Amino acid sequence: MEVDIDYIAIGKRIRSARLAKKMTQETLSNMIDVTPTYISTIENGHTKLSLSTLLSIAQILDATVDQLLYDNTPVLISQFDADIKELTSDCSKQEKDFLLEIIKSTKAALRNYKPGK
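Reminder that position 45 of the sequence shown reads as 45 in UniProt numbering, one-by-one numbering, no gaps.
Hint data in this document are derived by calculation from the structure and do not stem from the laboratory.
These numbers were taken from a predicted model, which means no experiment stands behind them.
Among the hints, a few may not be true.
Unchecked claim - With a cut-off of at most 35 Å between alpha-carbon atoms, the simulated DSBU-like pairs for lysine-lysine come out as follows:
1) Lys12 - Lys114
2) Lys107 - Lys22
3) Lys114 - Lys22
Claimed, not checked - Derived DEER-like restraints, expressed as beta-carbon distance ranges:
4) Leu87 - Val65: 19 to 27 Å
5) Asp4 - Ser89: 35 to 43 Å
6) His46 - Tyr113: 49 to 57 Å
Yeah, the Cβ is synthetic: ideal placement off N, Cα and C, and Gly gets one too.
My request is simple: use the sequences and hints to build the entire structure.
Structure follows, in structure tokens:
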């Protein structure tokens, strides 16, 4: 069974995810040790990228391989998610766990809050 792979659609999703992170082709290419021209050919669907390249791109763009391969999965993370990821990028596991508990408590308090009572 042969699977048709739509490299043009994959390239468009990679471009969209890269732009959502406000990243240039040059920046992405430097991070995965390829040329900006190669990133351009990927994004335009003119080349078949390797699995290792796809994995590297997905990791750098904070996307899953599924998100880059398939249309039915949202490619772009929300700005809120991106902000949280950036704010916690230098936190330890313990700090992240603590922040998660604070968020859970704050969410519960917001849901239970009744103005004027």
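Structure-based check of each hint:
As the CA atoms of Lys12 and Lys114 are separated by approximately 46 Å, the hinted pair breaks the 35 Å bound. For the suggested pair Lys107 and Lys22, the alpha carbons sit about 30 Å apart, so the restraint of at most 35 Å is met. Between Lys114 and Lys22 the alpha-carbon distance is near 40 Å, which puts this suggested pair outside the 35 Å criterion. Restraint check, Leu87 to Val65: a C-beta distance of roughly 26 Å satisfies the suggested window 19 to 27 Å.
Look at Asp4 against Ser89: about 38 Å separates their beta carbons, and that is inside 35 to 43 Å. Range check, His46 to Tyr113: Cβ separation about 54 Å, and the 49 to 57 Å hint holds.
Hint check: violations occur at hints 1 and 3; the rest are consistent with the structure.
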